[in-house]
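Enquirer: Chain by chain, the residues run as shown.
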Amino acid sequence: MRLPKFDYHKPGNIQEACSILKGHNGNARVIAGGTDLLVAMKHRVKAPAHIISLKGIKGLDTINPSSSLSNKDSIPLSPPLSKGNSGEFSSGNDTLTIGSLVTLQSVADADIIKKRFPILSAAADSVASQQIRNMGTIGGNICLDTRCWYYNQSKEWRDARPPCFKTKGSVCYVIKGGNKCNALYASDTAPALIALNARVKICNSENTSKEIPIENFFTGVGEPVNILKQDEIMTQITIPNNSSGGAETRGAFNKLCFREGLEYPVINVAVLLELNKEKICKNAKIVIGAVTSSPVRAKNAEEKLKGKKIDEALIAEAGKTASKDISVIPYLWASPGYKRKMIEVCVGRGIRKALEKD
Amino acid sequence: MKKIINLKVNGDIYELAIEPWRTLLEVLRENLGFTGTKKSCGLGTCGACTVIINGSPVLACLTLAFEVEGIDILTIEGISQKGSLHPIQESFIKHGAIQCGHCTPGMIMSAKGLLDKNPHPNKDEIKKALAGNFCRCTGYKKIVEAVEAVSEGK
Chain A
176 MRLPKFDYHK PGNIQEACSI LKGHNGNARV IAGGTDLLVA MKHRVKAPAH
226 IISLKGIKGL DTINPSSSLS NKDSIPLSPP LSKGNSGEFS SGNDTLTIGS
276 LVTLQSVADA DIIKKRFPIL SAAADSVASQ QIRNMGTIGG NICLDTRCWY
326 YNQSKEWRDA RPPCFKTKGS VCYVIKGGNK CNALYASDTA PALIALNARV
376 KICNSENTSK EIPIENFFTG VGEPVNILKQ DEIMTQITIP NNSSGGAETR
426 GAFNKLCFRE GLEYPVINVA VLLELNKEKI CKNAKIVIGA VTSSPVRAKN
476 AEEKLKGKKI DEALIAEAGK TASKDISVIP YLWASPGYKR KMIEVCVGRG
526 IRKALEKD
Chain B
9 MKKIINLKVN GDIYELAIEP WRTLLEVLRE NLGFTGTKKS CGLGTCGACT
59 VIINGSPVLA CLTLAFEVEG IDILTIEGIS QKGSLHPIQE SFIKHGAIQC
109 GHCTPGMIMS AKGLLDKNPH PNKDEIKKAL AGNFCRCTGY KKIVEAVEAV
159 SEGK
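Here the protein sequences come in this chain order: A and B. Basically our numbering = 1-based index in the first sequence + 175. Basically our numbering = 1-based index in the second sequence + 8.
Calculated from the structure, these hints are not laboratory results. All values reported here derive from a predicted model rather than from experimental measurement. Ideal Cβ placement from N, Cα and C applies to all residues, glycine included.
Straight line, CA to CA, 30 angstroms or less: simulated DSSO-like cross-link-like pairs of lysine-lysine:
| no. | chain 1 | residue 1 | chain 2 | residue 2 |
| --- | --- | --- | --- | --- |
| 1 | A | Lys289 | B | Lys136 |
| 2 | A | Lys289 | B | Lys135 |
| 3 | B | Lys10 | A | Lys180 |
| 4 | A | Lys290 | B | Lys131 |
| 5 | A | Lys221 | B | Lys10 |
| 6 | A | Lys454 | A | Lys290 |
| 7 | A | Lys330 | A | Lys221 |
| 8 | A | Lys454 | A | Lys474 |
| 9 | A | Lys290 | B | Lys125 |
| 10 | A | Lys185 | B | Lys47 |
| 11 | A | Lys185 | B | Lys10 |
| 12 | B | Lys135 | A | Lys290 |
| 13 | B | Lys11 | A | Lys233 |
| 14 | B | Lys16 | A | Lys230 |
| 15 | B | Lys136 | A | Lys230 |
| 16 | B | Lys125 | A | Lys233 |
| 17 | A | Lys185 | A | Lys385 |
| 18 | A | Lys343 | A | Lys404 |
| 19 | A | Lys495 | A | Lys355 |
| 20 | A | Lys221 | B | Lys47 |
| 21 | B | Lys11 | A | Lys230 |
| 22 | A | Lys289 | B | Lys125 |
| 23 | A | Lys233 | B | Lys10 |
| 24 | B | Lys102 | B | Lys162 |
| 25 | A | Lys516 | A | Lys457 |
| 26 | A | Lys185 | A | Lys197 |
| 27 | A | Lys221 | A | Lys351 |
| 28 | A | Lys180 | B | Lys47 |
| 29 | B | Lys11 | A | Lys330 |
| 30 | B | Lys131 | A | Lys528 |
| 31 | B | Lys47 | A | Lys330 |
| 32 | A | Lys180 | B | Lys16 |
| 33 | B | Lys11 | A | Lys185 |
| 34 | A | Lys457 | A | Lys289 |
| 35 | A | Lys474 | A | Lys499 |
What follows is a list of derived Cβ distance ranges for each label pair:
| no. | chain 1 | residue 1 | chain 2 | residue 2 | range |
| --- | --- | --- | --- | --- | --- |
| 36 | B | Lys150 | A | Lys474 | 42 to 52 angstroms |
| 37 | B | Ile12 | A | Asp284 | 31 to 41 angstroms |
| 38 | B | Ile101 | A | Pro179 | 32 to 42 angstroms |
| 39 | A | Lys474 | B | Gly109 | 49 to 59 angstroms |
| 40 | B | Ile12 | A | Arg219 | 23 to 33 angstroms |
Here chain B stands alone, though its shape is the one from the complex (with noise of 0.2 angstroms):
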């Protein structure tokens, strides 16, 4: 059956009419045209469908949207400020981060979880947090160097 729900996505309050077995990457997609966050595997595998919820980088293809209500969404359209890009994002355009783009939006939710929690991360934390994000163009060493330089101010 369906219930109304009040989801909180990059600050702004939407009040759906949802049945609780769509997941917050169904609902974020399908009823709120925030297409950034991208749907791959759809079991946990890949890391695309990645956005921060409380602070923390998490799957939105297992997460239910009823599970979510009220709280603090973070998609990959509400890290810039005032129509600049995120140090991030600007340092993945900077450092060619960026092959087919699928996987770009998760992998920079992913560094932004990380960054928000230890500022200045080494090699292999970044490694250990982007663990969870496949890039199947196998970008990765250009994803790591962006990262890294963000985290040097770079």
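For reference, chain A alone in the conformation it holds in the complex (with noise of 0.2 angstroms):
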């Protein structure tokens, strides 16, 4: 399949790429990896006239492990250095940032991720295949397009119905009168860094930023997928040292397929326990991906676990409170027993997981 034809940018720094974005009034996209944009190109879902490419700035492939605010040259990987940025974080200091443009292979190969963060290294290294790894970015797996089985398919494949709301149209194949668009937001490494309290850098034309939590950046509907506007591109995720007041960060990243490589997930889960000395649960997240428009905090069920210490009954009824809070979209291939199911015992994988580190 050929690629529609567009007009190629490689401009040298965010304020431009923001710019051509803002004068191509929504004519113009952003490719990074191009792992999902060019797929969808090719299907013609999506064919925008400008792509500006990424690879010409600086400074966004880099995992840096202070406040970047600061420290814009920092060698990738050095020792934390400065006392983070504010005092948002109970007791953050040493975040680390990653620039949007590091790949998903170099995302889950990172020492420095697999010691502090290993959720995220094991997320990202779940995404596809190696190849897909290595080209795939992390800002790339965060901005995800949603997917659905009447939108990810060949133009011959969707011209023989009327246009739904993802191809701007007004009808939902996946439930019959929906009025909005119920596509599957499947991205691997968003789970993870929610329950890690990430946030995002997003910049916009008028060089200004703004630095958002990643909970905050999805709209929950299919269609826009993220809150980004028009001449905004996310540049940087930024992660909080977790661990505060003497307790111990335990986390479980855990991925149900069809087959082990190269797949969407039917569903993912991420799990980050605070235990203090006594095996206490102080405070925990339960962060869900795959079964809805965006990825979904499971907050009853973390309420259930918090001031207790977990056994086996508590972690049943996580996994029951879970599955009961989150209405799930229909699939193909999955149905919403299924998947409620599953959601149940993966929300009770994750967290045995993350317990088992003794």
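Given two chains presented individually in distinct reference frames, assemble the corresponding complex, making use of the accompanying hints.
Expert: Structure follows, in structure tokens:
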């Protein structure tokens, strides 16, 4: 399949890239690894007249163990340097920033991420195949488009019926009579990053930027997937130091697929637990991906675990609560009933795996 | 609009006038005649078009030629030296790891990417590295054995 025609831009800095985006008024797209966008373009579900490459912008492909606000050119993977950017994180004094162009394989392999944020390393390592991890970036994985049986199809296939919400139409084929797009968001790194309290930096064409919790980055509907405006680009991810006040942080990432490689998740779960010396759970985060149009936190299940010593009965209860709270989107290859059951199973597996590391 | 770019393939530099929407796979096969790199799905699923860029196996069908200007590109044609096959190629022949042959160049490039990074992988690591390469003859067993043999120096 050939790509549709487009003009190619390779700006040298972020502001220029944002300005080109703004200048083309929705008819331009940013390309990082290209493994998601180019497939959509070959299927003609997207046909932007302008492609803006971020490869010419320096500093987007480094992993940096301190706040990059003050330290632009620091060497990747150097020891922690500064005290972090603010008191906003409970006790975080050594944050980690990851440029949005760092490839998924580099995220998976980086020693500092393996050591401090193993659930992110595991999530990145579980994406697709070796080749796609070498190309795809963490920024691209967060900005991943939602997927749907009725959308990720060839042009001929889609042309047989009126366009859906995802393709600027006004019908949803997944939920009959639905008034919004119900495509699934299947990123593996996003649930892990939400569990880790990560924040994302967004730059715009006016040369200003903001940092928001990654949890607020998603709209919750299939289209548009995230809150990025037409002239905005997500440039970096910051992970705070999650261990606080003598408590021990433990995590697990767990992905259910129909085969082991090159597959989108049926469901993925990221769990982060803070345990004190008496093994009492001080804090818990459970984030579930691939069952709705954005990753969702199982907040009631988290509450069940807090302040208690976790045992099998509590794990089962947390799993049931999570499953009850999330309204999954029905799909052809995994029925809602199956998905609800698997939420229960995978949440349980996640908590057990997190507790295991003694 | 066409633009002139320089591609560095297997150590040689080629000057080409191409459009921005041409993929590396199209340019390798159609402009430069490197037809060893195969085209199958064109959507990043099958791995037949795997080439090594900057030491890492990637998919040529999802790489814009413009994006790899001046970067080292290694194709299946470039891994044999002075007329003798690469040890992975020898091993594939020895173990009968080739049936129709269409997936073979991609398999070999993925295997090379793994062995360059990790010279002695175990079976699971080999399977994981080759997960992005489809063999529709389903000859996976012999392919994994061939890569295992190289890692064991047999």
